[in-house]
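Listed below are the residues making up each chain.
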Amino acid sequence: MASRISVFFKKPEYDSAARHLTKEMRQAFPSRKGVSAETARTFLVEGPGDRAFLGEAAALIFADPIIETAELGTWPEKRFDFAVSVGYKPGVTDNTARTAAQALADYAETRKIPGEWNVAYSRLFFLRGFADAGEVKAFITGNVLNELIEQFELISAGDWKAGRRFSDTLQAPHFERGAPYETLPLDIEDPLLTRLSRDRILSLSLEEMKAIQGYFAAAGERREKRAAHGLGPHPTDVELEAISQTWSEHCKHKIFAARAFYRDSHSGEQRTIDGLFKTYIKATTEQIAKTRRDLLSVFTDNAGIVAFDDEYAYALKVETHNSPSALDPYGGAMTGIVGVNRDILGTGLGARPIFNTDVFCFADPSYDGKVPAKLMHPKRIFRGVHRGVKDGGNESGIPTVNGAIVFHPRFLGKPLVFCGTGGLLPRTVRGRDAVEKPVPPGSLIVMVGGRIGKDGIHGATFSSAALTEASPTSAVQIGDPITQKKMTEFLMAARDRGLYIGLTDNGAGGLSSSLGEMAQTSGGCRIDLDRAPLKYPGLKPWEILISEAQERMSLSVDPARWEDLLALARLHEVEASVVGEFTDSGYFHCTFEGKTVCLLELEFLHHGLPRLHLRGVWKRPTLAPPDPKILQVENQLALLKKMLVRPNIASKEHWVRQYDHEVQASTVGKPFTGVDRDGPGDAAVLKPRFDSWQGLVVSCGLAPRYSDIDARAMTLAAVDEAMRNLIAAGGDPATAVGLDNFCWPDPVSGEDNPDAEFKLAQLVRSCEALQEACLAYGLPLISGKDSMKNDYGRGKERISVPPTLLFTAAAKIDDVRRSVTTDLKKAGNAVYLLGLTRSELGGSEFLAERGLLGDRAPDLDAAGLKANLAAYRALHQAMKKGLVASCHDLSDGGLAVAAVEMCFGGMLGFTLELAKVPVEGLPSDTEILYSESLGRLLVEVPPARAKAFEAAMKGTTFAKVGLVAAKPVFTVKGRSTRGLLLEVPVAPLKDAWKGALVF
Amino acid sequence: MKTKTPPKKSARPRKSPKAAPRPPAKGKPKPSAKAARSKGGARASGVRVCLLTGFGINSDRELGACFERAGAVAVPVHLSELVSQKNPLDRFQIFAIPGGFSYGDHLGSGRVMATRLRLGLGEALHAFVAQGKPVLGICNGFQVLVKAGFLPDLSGKGNQELTLTHNDSGLFEDRWVHLAAAPKNPSIWLAGIRSLQLPVRHGEGKLVVPDEAALGALRAAKLDALLYTDAGGAPTQAYPANPNGSAGAIAGLSDQSGLVFGLMPHPEANMIRQHEPQWQRGKPSLIGPAASALKADDGSGMALFYNAVAYCRKNL
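Chains W and G, in that order, are what the protein sequence lines are.
Numbers 5 to 1003, taken from the working numbering, label the letters of the first sequence in order.
Numbers 21 to 336, taken from the working numbering, label the letters of the second sequence in order.
One should not assume that every hint holds.
Claimed, not checked - Computed far set for chain W versus chain G, every beta-carbon distance over 12 Å: (1) T587; (2) D664; (3) A889.
As the list claims (entries may be wrong) - Capping the alpha-carbon separation at 25 Å, the derived lysine-lysine pairs in PhoX-like fashion look like this: (4) G:K303 x W:K885; (5) W:K14 x G:K177; (6) G:K303 x W:K830; (7) W:K633 x W:K977; (8) G:K303 x W:K971; (9) W:K214 x W:K256; (10) W:K116 x G:K106; (11) G:K177 x W:K884; (12) G:K315 x W:K884; (13) W:K998 x W:K383.
Because the hints were derived from the structure by calculation, they are not lab data.
No residue lacks a Cβ here, since even glycine has one placed at the ideal position from N, Cα and C.
Put together the whole structure using the sequences plus the hints.
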């Protein structure tokens, strides 16, 4: 029978969780008196130790003797209206319970008590100020727990007095496995094929189902081979699931591989594109690669690999985890970050993750409209996603160095959660080229790390569909950063000792996807599914094959090194198991207890997928220019104040501070800078080697607001913003690389998706613009990803996210001691503005503040791109000579916001003269202040260096637009009005800007 | 066993520790003085640092780099390896527990690691200190040393006497803080340091004492070695200068011998001058005689490592 160990705080002042919960309860019930909470923790434990042992263990391991007391089966006197216990459902990853079980086993071992422990963990809440159980339920399900993965028990004070207590049954996940497989005949009518795909969450189209039907219908050699392995002509569920995972949009990128027909309804121009990826992305990089020697591996591995110096290379990858984060923001975001860490760990012979980047897109957290069924309020998503990424990154010991949080109303339908990781990889390991990844036939398949459970089944196929009320909850999973950290250290040690030949991560699609990919290199594989370690019994073979249970990697291992690898794994307390071998049989072959359950020709599995055909028609949306009256702003100060507290502009410090951004001691350019360490940084500057001053600059850009005008503008803005940020911090443009992450609403036509052709046209325009900008800037695309089903619901209820490209960029800097920050440094310095300001308010934060979209978003033609690059190159040379004191890029909110942010960092004043700003046409003062034209940077230069700076920038568009002032006052002299447009002390502006997004 | 009397000449004048050295563990062979010199002596092979790793520790690499920059040899050793060996610490002069999230801190920060360390390595570590060898715990390592009873150990019994728990803000935060060394503190790690800036990166750094008397006793023994201060250098309880609400503004503790030191802020994160967020605005933050030991581009945090290495060279 299970025993209960509960841990209570000795004094309320130690209970910080209660303080925060009480605050939330008071917000939820503002007029209620006497609302308060107390918290505690409780564990149900079952194992070989007796009561005396548990008493000792409770005091030693579970409670802190200074501030807590542990109770073994007893309850102290508590005053409450309702007692609530909240714990994970059986089978869901529970890191606290796992640690408790391990600590109990370790302690028992010192007392010579061998055996396993089972533990369930729950949080306890004792709530006061409630009379109604329904009200408590509503509050806790809305604020404390997620019913998809957690369960709760509620006991009223009355019931408690009557003797009722929380259940003492330790629930264990229990499943019946049944037969090892089920056959699923495909010689059925088309509607039944479609239904089969939907019912089993295969996410395959009819055409794809028919291709599978054709494969199994073929008689002859194929049937004989199957018969020889004891299989009939019809596919097994294992086979169908393996195909469906491999063919998922998530794994095969069907939309980017499709043949796409595009027509511009205005010009009448039309053409057929032979694959967006091949035409616009791969071709771009191949073109640029001709002039670059540092691109060691692109498009073949988990992540792009770029030379850092003669000894090291860096790898960079950005992933999205949108659908899981919509269902369970905490678990979804956490598995996003630890998942992309594994991508890097599985790059080449294994790269060590050295930094994370995180970009989130949410609806406004102050949204007060209706939240559609199954979706969560944006505030809750924001909190959960942030906490998941924070815990995932911090606990893994990887600094989160760069990112963004962007808001748009339509991210209500699906939040976007981009998680990126960079890694460092020695270019050779024990004489082997560490970029190469051979998988010789005869090598063992070894799975290391966590065990397999039902968690994450159908993650890959589920993310390839729109979110609906019927989305599967099994797709939700929680990460375990500590298990992964142990695995990481083990793998790094095994790599350096040459104990494995190659490796890859188990992500979407689980073993079916990771081993299916590796088997392509060797020419086949045999997986013995019964040899894979399970979290609990009862999993069916197909579930073992496709489970996305976290923290696992697959290795290919020389049988002669297996014993050594296993010994090292034991030292690190990491589980490692042989689960099969790589072959050259030409088959993806799975067995279970000696019987074949899956036998698929590798060629069909990877190349049997019929190609998608898509159609896009571009028709410009009907747009209106803003009423000129809008631009005549009476009170510029009131406007500036309003702009600074807009969610897209307000400081994100409250959230970003919670990320460890400097573990590993490489972060030189930090997220915040300046006298009070609260001025925003443009890009991260890292010094990855302790013994070298060479650095890596990392930045990002995205502008979903422009998509509703033209996805082309959105794309140019994303690429240029990332590039500007790199340059602003000191990155060398000649070494810059980029990563494209597309998050799009579904561009595949269907009953539920009437405007798919428009969405595809947007995608084509975005790809074209991406190619144009990257070719112009010399930016190779070293890695990327697409997430193409970012919609909620069907029909009229459908909410589609604005098409979004996240552009992540990195560049080297020769010496981090020449890097530049954004904070103003010294009174008397000159401030220059680089680039041309146009009347480009379309999609701007200014018009959004006025509730408008506008018609003219920032744009760049070939000449504009060329001019920008010339300016970036010149500025970089000026920085290398030490001519620049500070530099900040202009993006959301334009010149006004960038200028005032530089004042925030330096707590100095700035006098800006709009008449001196280089402009095109005759923009008004408001346009000059808030237009978001691309290619612009503010640069602070000491007077003694002004001449040299101007010489360095010769031939580019720039002007001296103001001076740094000692008194922290932001002053703007208007172009059209004589005298002052604005004169405002910096401190109160900064307070408003810093406090706007704290909740 | 070569039981070192506490060093007379340390990096700066200080009082001799009052705590009696622990007797060596029973049944263990006593190495001869010669053996101790060749195995544990600092001069024979330079100062060797044992860096604890494993189970979620994550700041080991940069901490090792700091010790190496200060002239020592840093050897990462997995906890499983340490607890399985007979005399695991004999070949080292410094023992350091880096920051991280040992066992995920799921049962309270440092709790599980502290139990494992105490049961598996406790005697060896007490003997190590008794030999006059320095021990350092940073962040999670500090939490482990406190919860395993090594700090402050006023009673000399090796029990947990106070704790580190959730910040008043309820948040994990990464922020740079102003720190001052308490006057006349016994720590060899803080010799010559008056004040400096370091980052804190924790959610559970609030030092809590059982009662006011305990805080008084700490202060009387000068073990409240490192304090959070405002920009003017005065110890403070005000957030965010005191980032967690620690009693007595305590950021770091020494034991009575001055050899064992633990702190929540991260000296290894201020290895180079360019780590300080204000490096483009002026000089390194370190104030005190120890500043003269810093080389070009050294960060202020390096002073602690130079101190410990110099101490070992002189005394071991």
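These are the hints, each one checked on the structure:
Once the 12 Å rule is applied to beta carbons, T587 of chain W is consistent with being away from chain G; the minimum gap is 35 Å. The beta carbon of D664 of chain W sits about 5 Å from the closest Cβ of chain G, which is not more than 12 Å, so the claim that it is off the interface is violated. With a closest Cβ-Cβ approach of about 8 Å to chain G, A889 of chain W is found to fall inside the 12 Å limit, against its non-interface label. Among the hinted pairs, K303 of chain G with K885 of chain W is consistent with the structure: their alpha-carbon atoms are about 21 Å apart, no more than 25 Å.
For the suggested pair K14 of chain W and K177 of chain G, the alpha carbons sit about 24 Å apart, so the restraint of at most 25 Å is met. A hinted pair counts as satisfied when its Cα atoms are at most 25 Å apart, and K303 of chain G with K830 of chain W qualifies at roughly 16 Å. For the hint linking K633 of chain W to K977 of chain W, the alpha-carbon distance of about 21 Å falls within 25 Å, and the restraint holds. Restraint check: the Cα-Cα separation between K303 of chain G and K971 of chain W comes to about 23 Å, which is no more than 25 Å; the hinted pair holds.
For the given pair, K214 of chain W sits about 18 Å from K256 of chain W by alpha-carbon distance, which is consistent with the 25 Å threshold. For the given pair, K116 of chain W sits about 19 Å from K106 of chain G by alpha-carbon distance, which is consistent with the 25 Å threshold. Between the alpha carbons of K177 of chain G and K884 of chain W the distance comes to roughly 59 Å, so the proposed pair goes past 25 Å and is violated. Taking the CA atoms of K315 of chain G and K884 of chain W, the gap is about 24 Å. The hint holds against a cut of 25 Å.
In summary, the hint linking K998 of chain W to K383 of chain W is supported, as the alpha carbons are separated by about 18 Å, within the 25 Å threshold.
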